[in-house]
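Student: Line order of the protein sequences matches chains A and B.
Residue numbering for the first sequence follows this note's numbering, starting at 1 and increasing by one per position.
Residue numbering for the second sequence follows this note's numbering, starting at 1 and increasing by one per position.
Because the hints were derived from the structure by calculation, they are not lab data.
From the three backbone atoms N, C-alpha and C, an ideal C-beta is built for every residue, glycine too.
Check before you lean on any hint, since a few could be wrong.
As the list claims (entries may be wrong) - For each label pair, taking beta carbons as the anchor points, the in silico distance ranges come out as: (1) A/GLY41 / B/PHE221: 56 to 62 Å; (2) A/HIS18 / B/ASP144: 44 to 50 Å; (3) A/SER273 / B/ARG188: 55 to 61 Å; (4) A/LYS271 / B/LEU195: 34 to 40 Å; (5) A/LYS140 / B/ASP218: 46 to 52 Å; (6) A/PHE256 / B/GLU327: 56 to 62 Å; (7) A/ARG269 / B/ASP284: 38 to 44 Å; (8) B/GLN272 / A/ARG254: 56 to 62 Å; (9) B/PHE221 / A/LYS242: 27 to 33 Å; (10) A/THR147 / B/HIS142: 36 to 42 Å; (11) A/ALA191 / B/LEU241: 31 to 37 Å.
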Amino acid sequence: MMQDIIHQYLRPSKKFPHVWCPGCGDGIVLSAIVRAIHSLGKSKNETVLVSGIGCSSRAPVYVDFPALHGTHGRALAFATGIKMANPELTVVVITGDGDGLAIGGNHFIHACRRNIDITAVVFNNSIYGMTGGQYSPTMKVNDYGATAPYGNIERPFDVCDLASAAGANFVARATAYHAIMLEKFIKMGIAKKGLSIIDVITPCPTLYSFYNKAGKNIDMMESIRDRTITIQKAEQLSDAEKEDKIVVGIFANRDFPEYTGIYSDLMERAKRSVKDEELL
Amino acid sequence: MLFYKLYKDEQGRKVGFLQGNEACLEAALIAGLKFFAGYPITPSSEIAAVAAEKLPMYGGRFIQMEDELSSMAAIVGASMTGKKTMTATSGPGFSLKQENLGYACLNEVPCVIVNVQRGGPSTGLPTQVSQGDVMQAKWGSHGDHPIIALSPSSVQEVVELTIQAFNFAEQYRNPVVLLMDETVAHMREKIVFPLAEETEIINRHHSEVDPQKYKPFDTSFGDIPPFENFGSEYRYFITGLIHDEYGYPTTKPLEVKNLLDRIHRKINDHTQQLSLFEQYQTEDAETLIISYGSPVRSCLGAMEAGRKKGMKIGVLQLKTIWPFNPEIFTKLPSKIKNIYVVELNMGQLILEIERVIKRKVNIQGINKYDGLFISDQEILKYLEQQQGKKS
Ligand SMILES: Cc1ncc(C[n+]2csc(CCOP(=O)(O)OP(=O)(O)O)c2C)c(N)n1
Ligand code: SF4
Chain A
1 MMQDIIHQYL RPSKKFPHVW CPGCGDGIVL SAIVRAIHSL GKSKNETVLV
51 SGIGCSSRAP VYVDFPALHG THGRALAFAT GIKMANPELT VVVITGDGDG
101 LAIGGNHFIH ACRRNIDITA VVFNNSIYGM TGGQYSPTMK VNDYGATAPY
151 GNIERPFDVC DLASAAGANF VARATAYHAI MLEKFIKMGI AKKGLSIIDV
201 ITPCPTLYSF YNKAGKNIDM MESIRDRTIT IQKAEQLSDA EKEDKIVVGI
251 FANRDFPEYT GIYSDLMERA KRSVKDEELL
Chain B
1 MLFYKLYKDE QGRKVGFLQG NEACLEAALI AGLKFFAGYP ITPSSEIAAV
51 AAEKLPMYGG RFIQMEDELS SMAAIVGASM TGKKTMTATS GPGFSLKQEN
101 LGYACLNEVP CVIVNVQRGG PSTGLPTQVS QGDVMQAKWG SHGDHPIIAL
151 SPSSVQEVVE LTIQAFNFAE QYRNPVVLLM DETVAHMREK IVFPLAEETE
201 IINRHHSEVD PQKYKPFDTS FGDIPPFENF GSEYRYFITG LIHDEYGYPT
251 TKPLEVKNLL DRIHRKINDH TQQLSLFEQY QTEDAETLII SYGSPVRSCL
301 GAMEAGRKKG MKIGVLQLKT IWPFNPEIFT KLPSKIKNIY VVELNMGQLI
351 LEIERVIKRK VNIQGINKYD GLFISDQEIL KYLEQQQGKK S
């Protein structure tokens, strides 16, 4: 059943083999995105995928939607142009933790602030996969990476806290292990008017594991499963107890006015002023 | 708030007393602009302000992005939906545009980038004139990439070349840089806008192929592949990676080479059509002044004053900077003995001119880069001094 859906959405013209390592979580996340789009009954033609650069950002190559694989960090900026120029389109952004939160961090907070109707899925593996395992802005303190040989000394962003504070209408976290929950959150995000951020904790069994001795995909998946707790559970724990946990659930679900809608109202006002003044 | 008003003359043409920046946006509307994304920077900011006010009146949309990286990305994204798009900036912002300007060149996305040049490098001289970004317009983004750049010398030419910039962008599926300078951007002149029937408007051309068979970079239609909008029944993928005809990443040497050859050929093979220039009194000229942008006005003044003194001066104005057209220079009248290239930089386009002129002729730069505009007297004085040296 799930297989059938996926096959409907693979690009008919080429493009395999894909770039992902065996056991990478990215395929699971892409599959959840496709199922969410499918279950909402969105048309392929009018659903645009936009991504930046990274292992995760390669996802749009393989599925049959109009898609823009942009430059590193700029996915939300390209997506903003697409959505503004044609608000009828459903726009889904695929980004990594490096792409979306480091080089694209500024675009991330401003897209949230504008609350433009885009759904961004952050493939969060807490490492730069594509460039060889450097530390990312979501890596935990004391984890290792190619550029953190003595352990990471920088504090990580909490993607959901950041998105909520910056003003996104819908903010949720799931993991590649909890694929059904993930699909549900992506679906809610796409259905929601306004900016939606779905933070997905996903394993990089190649590079993260190499530097952190995290084992194979199965080991990483089990670790994700064992460390995952709900928001309700997290509220009962002290900061020290939460230290190593992955808190999943919906962090924000609200209805601030959406940007392209506000702009359409502005256009109506502007058009009326033309008549009033009989501008040439 | 608009700081100008438009009236209609007897023929029904819009007229007004406009700044170059204001005229630029008005002309863009005539050309069919529907989306503008920008980030404020002197001396270009008025373009964005007029866009913010006027675009929504005519069914277009404006957005002020968080920086120039994102505004360039936004106009590329918007153009993919089939809209005519533009951004405007100056030096420091133009540096940031380069990233996604390269992306637009590689993916053949039509769009217009206005760079109102100010003194550089770095933050430089924010309010003062320069032409220091001529080479950056060509080579600013990494890797070999084709570019079209136009440079107006008067506010009326801003109107002409802005419309032309959109037409070239659409026709050739390529970004076009409108290289203005602070003087032409802030100068006010009486402007007459052409009537719709007097204006040729070019729109990107679409394919009639079956959507299943569509390839976004199909070469079977010639060097300029037909464009289809995101959101239409044509579904395809674009990437900043070197791609095959389907738009998918490739590293096959032949596909790589073919792509780079084609995107350059599509511009270079049309150099004559893209090359806009004016010649003033060059028939009998012994001294030729070559310039572009606002200094052309001073060159013409110097020519007139010099001619009154019996000096046989002509002026060659380049409106198209890139692609550079060598033929203009190889065909110059043989009487010309001295060539002076007037630029508000330390000598940039002169390098191209020296490269293409093979015959023996004296070529010198007249360069000003102190933030001030160059006057006709300054140019004439220089010519007289040089003549004095020789006689
Ligand atoms: C402007 C720019 N800087 C750096 C790079 C190199 N680069 C490619 S992908 C990447 C990091 C990707 O990390 P992330 O977004 O976390 O994605 P992942 O590969 O882990 O899925 C970097 C730094 C680039 N392509 N462009
Ligand atoms: S390097 Fe890591 S993130 Fe990249 S494909 Fe391999 S497993 Fe996935």
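Student: Against this structure, judge whether each hint is valid.
Tutor: Now the hints, each set against the structure:
Checked against the hint of 56 to 62 Å, the pair A/GLY41 and B/PHE221 fails, with Cβ atoms roughly 35 Å apart. A hinted range of 44 to 50 Å for the beta carbons of A/HIS18 and B/ASP144 is inconsistent with their spacing of about 29 Å. Roughly 24 Å separates the CB atoms of A/SER273 and B/ARG188, a value that falls outside the hinted 55 to 61 Å. For the hinted restraint 34 to 40 Å between A/LYS271 and B/LEU195, the CB-CB distance of approximately 23 Å leaves it violated.
The supplied range of 46 to 52 Å is met by A/LYS140 and B/ASP218, whose beta-carbon atoms lie about 48 Å from each other. A/PHE256 and B/GLU327 have their C-beta atoms about 59 Å apart, which keeps the hinted 56 to 62 Å range intact. The given range of 38 to 44 Å is broken by A/ARG269 and B/ASP284, whose C-beta atoms sit roughly 60 Å from each other. Range check, B/GLN272 to A/ARG254: Cβ separation about 59 Å, and the 56 to 62 Å hint holds.
At about 59 Å, the beta-carbon gap between B/PHE221 and A/LYS242 misses the expected band of 27 to 33 Å. Between A/THR147 and B/HIS142 the CB atoms are about 23 Å apart, so this pair departs from the stated range of 36 to 42 Å. Against the hinted window of 31 to 37 Å, the Cβ-Cβ separation of A/ALA191 and B/LEU241 comes to about 32 Å, which satisfies the hint.
Checked against the numbered hints given earlier, this structure breaks hints 1, 2, 3, 4, 7, 9 and 10; the rest are met.
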